[in-house]
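Peer 1: Going by the numbering used here, the letters in the sequence shown line up with residues 618 to 755, in that order.
Accuracy of the hints is not assured; some may be wrong.
Below, in silico cross-link-like pairs of lysine-lysine (DSSO-like), each with a Cα-Cα straight-line distance of 30 Å or less [unchecked claim]: (1) 682 x 731; (2) 623 x 731; (3) 731 x 701; (4) 682 x 701; (5) 701 x 640; (6) 640 x 719; (7) 643 x 626; (8) 703 x 719.
Treat the hints as calculated values from the structure; they're not laboratory data. Bear in mind that the values here come from a model prediction, so they are computed numbers and not experimental data.
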Amino acid sequence: MNIVEKLLKIDAGTLVIGSREVKVDKLSEALGEDAMFTCNPVTLDTYNEIQSNAIVFDKKGNLTKIDTGNMNLGMVLAGVPEIKNKELLDHFNAVTPEELLKNPLLFTPGDIAKLASAVSELSGITEIEKVDEEVKNS
């Protein structure tokens with residue numbers, strides 16, 4: 618049986634998109650209990666947009682680097698729905714979800730990397746640093 622025949626036997630109605638709850642250490646300390654955020658996978662189009670926004674070129678059009686911090690932010694913004702909660706944004710006087718994530722009283726760079734890593738894994742993407750190396754070497 619070839620792959621097409623095998624795939625046609627799958628009940629498409631039973632397929633689900635996975636998610637994962639991830640603990641944010643900084644906020645867990647502040648709350649005195651686990652601060653869990655839902656991480657969801659991103660689509661291919663969303664990932665491509667995040668990746669293209671993180672690519673840095675020099676004046677000649679040569680790739681100089683991948684901004685992994687920007688890529689991490691993009692992954693979290695796209696894959697963690699709580700970050701976009703209007704009440705949460707208002708409570709912490711954040712105009713945008715990105716501003717909320719950049720608040721050092723709430724999230725450390727490590728917390729953001731941890732959330733981004735979970736979103737990446739759920740999306741079937743290798744670690745962002747590995748993607749950086751793959752792009753540089755291509």
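Peer 1: Hint by hint, note whether the structure agrees.
Peer 2: Results for each hint:
1. 682 x 731: 21 Å, holds
2. 623 x 731: 36 Å, violated
3. 731 x 701: 18 Å, holds
4. 682 x 701: 28 Å, holds
5. 701 x 640: Distance of about 17 Å is within 30 Å: holds.
6. 640 x 719: Measuring from Cα to Cα gives roughly 17 Å; hence the hint holds.
7. 643 x 626: Cα-Cα ~46 Å, so violated.
8. 703 x 719: Judged against 30 Å, a Cα distance of about 16 Å means the pair holds.
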